[in-house]
Amino acid sequence: MKIPRKKELLELQKKYRSDKKIGEVYGVPARLVAYWRAKKKIGAYSFPKYSEEKVQELWNRFGDDEKAGAELNISRAGFRQWRRKYGINQRPVHLSLEQLELALPDLSRRKGLRRETMAQKILARKSGLKRVEVGDIVDIEPDFAISHGCAFEIIRKFQQLGAERIWDPCKTAIVLDRGLPGCDGNRGPSSKIVREFVKKHKIRDFYDIGQGICHQLIIENALVSPGQLVLSSDPQALSYGSIGAFASSMTIDEMAVIWASGRIWLRVPETIKVTLNGRLSRGVSVKDIVLKISHGLLSHADYKALEFYGPAVGAMSVSERLTLVGAFGDIGFKSAIVPFDETASRFLKKMIKSKFNPVSSDPDAPFADEAEFDIAYLTPQVGMSSNGFSAQAIEDVVGREVDQVILGCCSNGRIDDLEVAAKILRGRQISRDVRAVVIPASRKVLLEAIDRGYIRAFVDAGCMIQNPGCGSCIEAHGQMLESGERALSTAAWSCPGRTESAESEIYLASPATAAATALEGEIADPRKYIK
Amino acid sequence: MMNRIDGQVCRLGHDTLPFQVLPQLSSADSRGQSSAKGSLFGPTLKLKKGEIIVAGRNFGCGSNDQRSIELLKAMDVPCVIAASFARRFYRDAINAGLPVIECPEAFEAISSGEQIVVDFDRLEISCKRGIAPFQAYPDVISKILSSGGLIPYTRKAMAK
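Line order of the protein sequences matches chains A and B.
Residue numbering for the first sequence follows our numbering, starting at 347 and increasing by one per position.
Residue numbering for the second sequence follows our numbering, starting at 8 and increasing by one per position.
Simulated from the structure, these hints should not be mistaken for lab results.
The model shown is predicted, which means the values in this text are computed figures rather than measured ones.
Ideal Cβ placement from N, Cα and C applies to all residues, glycine included.
Where hints are given, some of them may not hold.
Simulated pairs of lysine to any residue, SDA-like, Cα-Cα distance not exceeding 20 angstroms [to be verified]:
| id | chain 1 | residue 1 | chain 2 | residue 2 |
| --- | --- | --- | --- | --- |
| 1 | B | K167 | A | R511 |
| 2 | A | K472 | A | E616 |
| 3 | A | K367 | A | R383 |
| 4 | B | K163 | A | R609 |
| 5 | B | K150 | A | R613 |
| 6 | A | K874 | A | F713 |
| 7 | B | K163 | A | K472 |
| 8 | B | K150 | A | I483 |
| 9 | A | K476 | B | P145 |
| 10 | A | K619 | A | R511 |
| 11 | B | K163 | A | L569 |
| 12 | B | K150 | A | S473 |
| 13 | B | K163 | A | R383 |
| 14 | B | K167 | A | A509 |
| 15 | B | K167 | A | G508 |
| 16 | B | K163 | A | E616 |
| 17 | B | K150 | A | E370 |
| 18 | B | K150 | A | R609 |
| 19 | B | K150 | A | E487 |
| 20 | A | K472 | B | V147 |
| 21 | A | K701 | A | T689 |
| 22 | B | K163 | A | R511 |
| 23 | B | K163 | A | Q506 |
| 24 | B | K167 | A | K619 |
| 25 | A | K472 | B | P145 |
| 26 | B | K163 | A | E510 |
| 27 | A | K696 | A | D708 |
| 28 | A | K413 | A | R383 |
Distance windows between CB atoms, simulated [what the hints assert, rightly or not]:
| id | chain 1 | residue 1 | chain 2 | residue 2 | range |
| --- | --- | --- | --- | --- | --- |
| 29 | A | R511 | B | S149 | 45 to 53 angstroms |
| 30 | B | A166 | A | R461 | 36 to 44 angstroms |
| 31 | A | K877 | B | E115 | 17 to 25 angstroms |
| 32 | A | E718 | B | G20 | 46 to 54 angstroms |
Please construct the entire structure, taking both the sequences and the accompanying hints into account.
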């Protein structure tokens, strides 16, 4: 068959678009039409990205290639090409508002989009208002209220308030994790008060000694879900942000008021968008990111919230996200959130049967600040306790003698953390100058560590195992530091005096660094132990 | 809450931790009942009784508890002025009935040892270099402050 003329083919392509349909006109297969097109140098049909009407409308509105192009996110020359493609060459006759050089409010954008951050959306939802602005003070009812080791003090305040019933026993959790089992005899009666209180008020979610640390238990038992407002009496309460909840910490007085009335005042915080780019290199963990960036974000900490984005955050497991967000409360951040995504969804699906209501920030939400970090070249970091905030690369502190190593706690006591440490310690012996303590975050973690043989590896290496809980991380029980001693811990936060003696020094590091340090008796680079 | 406060200033820098201001917070034997006798501050920070604290950004950062506020109240600190506050300190102070004022201009203008007047009716701080205005408290906060703290405020509200 003779090849049709180019003009004819072009007309048919304009009418039918696909090769198959053109082929049907001639009664030939589509591949033959493709061959004809190739012979006649006709490209495959592509839909125009911007329609003639759209280009005409923008040209009439702006009368300027640059401004009209900016609307479509293309360059001045790009818009001109579109215009020429459709043969729009005449300047617009009527001037419209946009062609005047006036700074008009961005009405068209504001109308369609709400432009709110996650903090604004969740607080508006809970306060019953349509919209709240940053800096507003709102009166809210939380979705869940959690109190931990200081529960007996809250109970005392609650009784002082004269309240008879707790606001909602189903939305309250009490976890006894701190300072237990008591060693100084002071903690005994307080736990008894808590247990009696729990029975009297029929609080459903009560976790007694040895179950674990509150943040871990609440996540493990899926008591909070994405998009919820969670208030807790512990400064590391921000952890629940790891699954996309807005979590914030409360003081003892405030928690007592929540128990009694179910309401509390909150300020709508500014939000900082933090983007983490790159991939972690071998031997470097999320803890190292936290130590590095918390130092960088310190000057912005006052009362703001954080939202984490970027490929590095997307690649993190929920356990790693717990490590990431948990530490920022102590610096002064109100909340830290990893927006709900596929990873969190997969994690929660196993546990939560009911539907949850995740919230995300609008694409053009008004972030107070944006910070970007490239983590590809990050080396293991060590947080210094001298002023609580600074972090140094491991190379600068290698060789400093350490008396005690604490591995675990709420920030790094999960099974993946113990796995990293166990792999380093397996078949080796810790230095005789070091006391090493392993604190699993919960009973479930401990059981899994036993099954996988990590606990055996720790004990073989010469470590001690403490019951799941806060352990030696805070001034509680077990291995206290003595004056002039130095410890390296995987705790979320430290400041002089946190483990009892004000003269002692505490370094913060990742589980891998902690394990390597325990082996050598001095701060050591973990990368040489990781193959 | 008084409507007018005047007093001498103790000026601190940025990112001040409660531990740096109140060293007894970090010692084990002080479980909230530490006596507030004499100068609590080390050789560099000397807070005398009744002085107004003026500080820089992020005052009161670090894991603190209500003890720091109790100790400040025991030192008769009438109010704290700072360029900005760490969240927990800000909440703790309001909930304990200690007025806190966010005013970056005041931090720039006021020097240590100066006499200043804080007027809560006219919402301004008068110092040697002039007058610095500050923002009024929202309704809930002024009610809490005038009741003397969150606990008395809630008790009152629940009695109604």
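Against the structure, the hints:
| no. | hint | verdict |
| --- | --- | --- |
| 1 | K167(B) - R511(A) | holds, 16 angstroms |
| 2 | K472(A) - E616(A) | holds, 17 angstroms |
| 3 | K367(A) - R383(A) | holds, 14 angstroms |
| 4 | K163(B) - R609(A) | holds, 14 angstroms |
| 5 | K150(B) - R613(A) | holds, 16 angstroms |
| 6 | K874(A) - F713(A) | violated, 41 angstroms |
| 7 | K163(B) - K472(A) | violated, 24 angstroms |
| 8 | K150(B) - I483(A) | holds, 13 angstroms |
| 9 | K476(A) - P145(B) | holds, 19 angstroms |
| 10 | K619(A) - R511(A) | violated, 41 angstroms |
| 11 | K163(B) - L569(A) | violated, 33 angstroms |
| 12 | K150(B) - S473(A) | holds, 19 angstroms |
| 13 | K163(B) - R383(A) | violated, 85 angstroms |
| 14 | K167(B) - A509(A) | holds, 13 angstroms |
| 15 | K167(B) - G508(A) | holds, 12 angstroms |
| 16 | K163(B) - E616(A) | violated, 32 angstroms |
| 17 | K150(B) - E370(A) | violated, 81 angstroms |
| 18 | K150(B) - R609(A) | holds, 15 angstroms |
| 19 | K150(B) - E487(A) | holds, 19 angstroms |
| 20 | K472(A) - V147(B) | holds, 17 angstroms |
| 21 | K701(A) - T689(A) | holds, 16 angstroms |
| 22 | K163(B) - R511(A) | holds, 17 angstroms |
| 23 | K163(B) - Q506(A) | holds, 12 angstroms |
| 24 | K167(B) - K619(A) | violated, 43 angstroms |
| 25 | K472(A) - P145(B) | holds, 19 angstroms |
| 26 | K163(B) - E510(A) | holds, 15 angstroms |
| 27 | K696(A) - D708(A) | violated, 28 angstroms |
| 28 | K413(A) - R383(A) | violated, 37 angstroms |
| 29 | R511(A) - S149(B): 45 to 53 angstroms | violated, 29 angstroms |
| 30 | A166(B) - R461(A): 36 to 44 angstroms | holds, 42 angstroms |
| 31 | K877(A) - E115(B): 17 to 25 angstroms | violated, 55 angstroms |
| 32 | E718(A) - G20(B): 46 to 54 angstroms | violated, 28 angstroms |
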